[in-house]
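Asker: Those protein sequence lines, which keep their order, are chains A and B. Numbers given in my numbering equal positions in the first sequence, counted from 1, plus 386. Numbers given in my numbering equal positions in the second sequence, counted from 1, plus 61.
No wet-lab data here; the hints were simulated from the structure. Quantities reported herein were computed from a predicted structural model and do not represent experimental measurements. Positions of the beta carbon are idealized from the N, C-alpha and C atoms, including for glycine. You may find that some hints are simply not true.
[What the hints assert, rightly or not] Here chain A is said to cover these stretches of chain B; the calculated rule only asks that three of the stretch's residues, wherever they fall, bring their Cβ under 8 Å from a Cβ of chain A:
no., segment
1, 92-100
2, 203-217
3, 275-286
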Amino acid sequence: MLRQMAKILIVEDDPLIARLYQKAFAFEGYDVEVAHDGEEGLKKTAEDKPVLILLDIMMPKMHGFEVMDRLKANEETKKIPVVVLTNLASPRDAETALSKGAVKYIVKSEYQPKQIVEMVKEILAGYTREEIPATAGVK
Amino acid sequence: MLTTQFLLVNFHFVVSLLAALITLAIAWLYFDAWTGQKSFKQALPFLGFLFLSLSFVVQSVIVDQSLFETAFEGTAAASALKIILRFGGYLTLVAGQLITPLQQRPTRKWRFRSAALLSFLGLPVLELAPFLLAVLAMVTGLLYRRRAARGLERHLKPVSLGFFILGLAELLGVSIGFRDTANVALANLVAPFRPLWITERVILLIAIYIFGRWVWGYLLKRFETQLFMIFTTATLAIFLITTVAFSLASLANVRNSALESLRSDVGVIAYTVDSKKAEILADAQVVSQDPHVGAALPSANRSALATILTNNLLAKGLTTLTVVNRDAQVVIRAEDPEHFGESLSSDPLIQLALENRETSSVDTKEGTLAPVVTIRAAAPVLRNNQVIGAILISSDIDNAFVDGVKEATGLDASIYADNVRSATTFIAPDGKSRFTGIKEENETIKERVLAQGQTFEGSVDILSVPYFAVFSPLKSFDNNVVGMLFVGRPQTSILQTAARSIELTFSISAILLVLSGLPAYLISKYIAGQTV
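Start from the sequences, fold in the hints, and give me the full structure.
Answerer: In C-alpha cells form, the structure reads like this:
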C-alpha cells in the first residue's frame, strides 16, 4: 500500500483538468494541492514540500520549463520528481523537459486520464520504495 | 397513428430531459472546477450550461400544439422562456470563451475577430430566434474548436463537435417557421411528427451522447458525482417510464370514455328512431280512425279522400300516405293522387294491417343518389269492426332528420341503408354537400353489425380520417337488419382532451425531477463519505 497522505502538487491552469487529477489522486489516498500557474506552483512547492509535482508546460505568468529550471536550481526542491503533463506533443519539447530533469513526459491527449493516473501511481510507488529519483524515458 | 404520435410526444419528452441532465452534469463539472479558483471567467461556462439545462427542462414540457389545434395557456410562455434561457446559455458560453485567454502554442499567435460575431446581436432577436439559436450553437462550437485546434486544449474537441451537432438540431428547429406554408410537400415535411421533426430530435440525441461521453470522462474516481449521476439517471428513467406508461394509460382511458359516450350517443339516436316509429304509427292510427276516411273508402271517393289525406300529409310532414282497400289495391296516394289501382298485397305491413294488426318498421328504398332509410307504419281502417282497408304511411330518415337530432342533442350522426350512407350531419369541406352514397367496406363492421345484428365500437378510417366510432344495427319489424346507425368523433379531437393531462403530467414530472436532485445529491454524498 502507498504511503498515507503523501502530498502531490498539480500545477495546471486548466481548471477542468486540474480538478480531474485532484479528485483522482485524492481518491487514491494522496493529499493533493493545486496551483493554477507557474508562480503559484513554485510558491506551493516551497510551502508544501510535495513528494511529486505534475507540471503543465503552457501556463500563464510562468512557463513550465522555467518552473523546472527554478525547481532544479533550488537545493530544497531539486530532488522532487517532476512529471510533465502537457499537450505539447513534439519530441523536441519532450527532450527539453527530460533534459531539464523531468522523470516522465506525458502528452495528455494520447492517454485516457485513467492511464495517466496509473502511470503516476507507478512512478510514485517506485520512489517510495527507493526514495531516489531514477531516469525515465519518454512515454 | 394515434399511438405513434403519442410515442413521439414521449420521445420528445425523453430526449429533452436527457439533454437537460447531461448539460446539468457539464454545468456541475464547471461549477466544481470554479470552486477551486472562484474567478468570474470560470463561472461563465457553469452558468452557460446551467441555462442550457434549464432551457431543455422547459422544452420537455412543451407538447407540440399544432397537433391539438387549440393552444394551451402557458405553452406560449414556456416557449418564450425556453428561447430566452437558450439564448442566455449560448451567449454566456460565447462570452466565457471570448474572455478566457487561449492556451497559445509556443510559436503561433491567432487572433479571434469577435466583431463579426457581435454584429449578429444587432439583428431583431425574437423574430430570428430559432435561426439565431442555431448560429449561436455553431459559434459556441467554433470557439471550443478554436481552443482545441489553435490552442492546446485538445480535450475540448468533443465539446466543439457536440455544439456543432446541437447547432444542426437547432437549425432543423427553424422548420417551425415554415409550418404555415401553402406548399403541401413542404408542409408535410415540416409538420410535427414528420421526418424533419424526428430528425431534429435524433440529432439532439447524438449531441447528448457526445456531451455525455465527454463529461463522464471527467468524473474519474469521483464516486460522489458518479453516484449522483447514476441516481439522477435512474430517477429520470423511473419518471420517464411512469410518465410514458401514465400517458398511454391516460390515452386508453380517454379512448374508453370516448367510446362509452359514443355508445350512449348511439343509444340516443336509436331511441329517436324508435320514437319516430311510434309517432308514425300514431299518425297512421289517427288517419285510419278518421270517420271521413271510413266513410269515403268503401265507395272509393277519391276527391274526398284526397282532401283529407293531403292535409294530413302536409301537416305531419310525411313522405307518403297511401290508402288500400280490403284487397290491398291502392285507392289513393296522397302524394300522387293520379296513380292508383296497383296491388300492395306483397307488402308485409299491409298484410298485417289487413289482418287488423298495426305495425311500424324501419325499411330501405331506392333513392336518387343513395338508398334511403324510411320509417313506415300501417294501420287497418275499420267499419262496424270489420277491416275495410288499410293506411300505409312513411317518413324518410334523411339529412333533415339527422340535422333535427343534432339540433336537439348536439350529436353528429350518420344513417346507413345496408352498408351505404344515406344521411349524415357531416358536411364536406366545401361547406354544402354531404358525403352520402359512400359504402362502408370494413369487413368487421359488415360482419358484426349487418350480419350478426350486434353493435360495433372501435377505431375506423372514414375517408382517410381516423375516427372512434360506434355502429349499431337498424332492424325492421321482423328483426332483419336493414341498415346501421353511426356516431363517431375524429381521433384528434379525443387527443386534445388527453393532451392537457399529458402536458400536466410532463410538467409535474419535470418539476419533481428537478426537486429529486437534492435528495440524490445528499444520498450520494452520504454513500461516498462512507467508502472513502
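Asker: If you look at each residue in the segment 203-217 of chain B, do at least three have a Cβ nearer than 8 Å to any Cβ of chain A?
Answerer: holds (count 4)
Asker: Do three or more residues of the segment 92-100 of chain B come closer than 8 Å to chain A, measuring C-beta to C-beta?
Answerer: holds (count 5)
Asker: Examine the segment 275-286 of chain B: at least three residues should have C-beta closer than 8 Å to a C-beta of chain A.
Answerer: Since three or more residues must qualify, the claim that chain A covers the segment 275-286 of chain B holds, with 6 doing so at under 8 Å.
Violated hints: none; the structure is consistent with every hint.
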